[in-house]
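A.B. asks: Here the structure of chain A is known, so what remains is to put chain G in place on it, guided by the hints.
These are the residues of each chain, in order.
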Amino acid sequence: MLTMERLYTQAAERPEHTALVYRDERIAWAELVERVERLAHGFAERGIGAGDAVGLVLRDDPWFVTCFHAITALGGIVVPVNPAFKQTELEFCFHSADVRGIVSDERTAGVCERIAAGFEHPVEVITTTAAHGQALTLEELIERAPAGRLAPRDPDEVFVYQFSSGSTGRPKRVPRTHGQIAAEGVLYGELAVTAADRVFSAIPLFHTWGMGACLLGPTVWGATLVILEDPNPFLLKRHRALELLERERCTVFPGVPFHYQLLAEAPGHADLSSLRLCFSAGTALARESFDAFGEKFGVLVRQLYGSTETGFLAANLDADPVASFASVGRGIGAVSFAIVDDEGAPLPAGEAGEVTVSSPAMTDGYSDLPEVNAEAFAEGRFHTGDLGVLDGEGRLTITGRKKLLIEVGGYKVDPIEVQDVVEAHPSVAEAIVVGVPGSTPGAEAVKAVVVPAEAFEERALIDFCRERLANYKVPQQVELREEIPKSPLGKILRKYLV
Amino acid sequence: MDVATDVEQFILSEIMTGSATEQIAPDEDLLATGIVDSHGVMQLVAFLRERYGVTVHDDDLTPENFQTIAAIGAFVERAKG
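Chains A and G, in that order, are what the protein sequence lines are. Counting from 1, position 263 in the first sequence corresponds to residue 265 in the numbering used here; the numbering is continuous, with no gaps. Counting from 1, position 61 in the second sequence corresponds to residue 524 in the numbering used here; the numbering is continuous, with no gaps.
Treat the hints with care, since some could be wrong.
Interface residues of chain A toward chain G, partial, derived using beta-carbon atoms under 10 Å [to be verified]:
| hint | residue |
| --- | --- |
| 1 | G181 |
| 2 | K239 |
| 3 | D393 |
Some chain G residues well away from chain A (every beta-carbon gap over 12 Å; in silico) [to be verified]:
| hint | residue |
| --- | --- |
| 4 | Q486 |
| 5 | R512 |
| 6 | E513 |
| 7 | V517 |
| 8 | G544 |
In short, the hints are calculated from the structure, not lab data. Please read all numbers here as calculations on a predicted model, not as lab measurements. Glycine residues also receive a C-beta, built at the ideal position from the N, C-alpha and C atoms.
Pulled out of the complex, with its shape left as it was, chain G reads as follows:
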């Protein structure tokens, strides 16, 4: 499973727990739609650390890195080097 799909599954199962939504487009704005709020960001940070060993530094906490699933995937790839 690629990172984007993995992140999508995490958001669907843990952040949108029980939502009728079955998929999220890679370019859907997670922030403007309210899918991910401050609490959701913290959940994602913990998930990325546990799953990929990626430490999200405070400087990385920007809308650009968390705006979409594609952006989160790209961030993880960069962080993994």
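So that you can see chain A by itself, here it is in the shape it has in the complex:
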């Protein structure tokens, strides 16, 4: 069943049941579907139709949810991006996707207008409010467009573009179809979540983990989504997070290790006795965080595994997850894992190698990159770039990374992308970007090791980076060296840089 059909099902079966909670607002399934219908018809009136990509630059709120479903329901391709992105990053995403429209809020309307002006074809910017003099707002579109059942989509139509660093190199556009997203919905249906559940949303909805667990999951389960408003910086929002978890009697909490660690360290106590399922993804959960959260709140955090290319793949559903806490569990449904060596040959249980996977929910490949796809999707399996081991019962444990991504507060930072920016600065002759231990367990910080070309000023370099990269990608440490350590064959010796 495709996503909009699932929404219609929820609206028919539980029209008055709350679909979304945001601040003091409660939106029932029937109301959400009506808003999605009206907005979809409104987008269509503005000339957005099947196959048109639409950028979504919104914080997590009901507008995000409504726009996401409306764009895809009318056959458009939703392009959700991090609203913290700088202009150059947004430009890259929107030009890559060749968007026909951009939805933004008052924080990003100005930059989106500038980006839209750079397209050869018209790109309409539609905002949540009438900031920056925009003539058209989402509210106006909804008010003047009629409700009315939307036509079913074709499973092969593209549903979403997301961006991934993949196993190597720079951001790549990842298209996934309605059929693939529907298949991911089936996988979420395998989790023991029902319409009686209340899902706490603190992970960004633009991210594949947020999209899956907080947008797709509830359309399958009929569960209520409780959205933590403006969750960053989470260090300052943890009181609010605990308040919402307790007040709304949330039962399911998809998060990242950073969330569980900070909540475990929060002062005082909250009654989270309603909470029964916590799924941690994005990066490995430290034992320290697992123990601390479990001891404080009485809930054991289960690790879950997925990627932008594949969506949700595996979850630790063991009855007692203490012994297997480090495992991300078994492949869900039709997902199948294989561990391979450097030559691509399968390895037996117990031997570590690269994790490859096949799933009905995974993309067919990156857009416009046939050579990369030939390697990354060889023989119909996605080569994740993660290193892992399967036990004799099919449980997967991630042991490391073949690729060089840096984990910063739940985000993956591609060092090559940062390195490109650092090396573009005129006072830098050569640079390598690496991850170094961060301030919380399991977290990393971005470090640039720089060989200066001329009079070098760290501040000027950081300024340069800040203008071009989202804040979490900007190096927190800069080290100057006379040369980058390399092996006799010219391979960079990263172990001497961290």
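C.D. replies: Chain G alone, transformed into the frame defined by chain A:
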């Protein structure tokens, strides 16, 4: 130098290191704009302890106390008694 100006200078020089921004309005939202993230909050906590001897307790780690430079200044004044 008053606390607000001192905090502004710290944010400009240490958290927004090298930024072309030369000043931050006292009521500018540091959190919504992403100027201060979780790491930045920890930097500010260390700065307030070293500079003013103010211990930021976990209960003080709220958006209200760190939303703006004015709010941080007011928090420091209250903490100093």
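A.B. asks: Compare the structure with each hint and give your call.
C.D. replies: Now the hints, each set against the structure:
no., hint, verdict
1, G181, "violated (36 Å)"
2, K239, "holds (7 Å)"
3, D393, "violated (35 Å)"
4, Q486, "holds (15 Å)"
5, R512, "holds (15 Å)"
6, E513, "holds (17 Å)"
7, V517, "holds (17 Å)"
8, G544, "holds (21 Å)"
Against the hints set out earlier in the document, violations occur for numbers 1 and 3.
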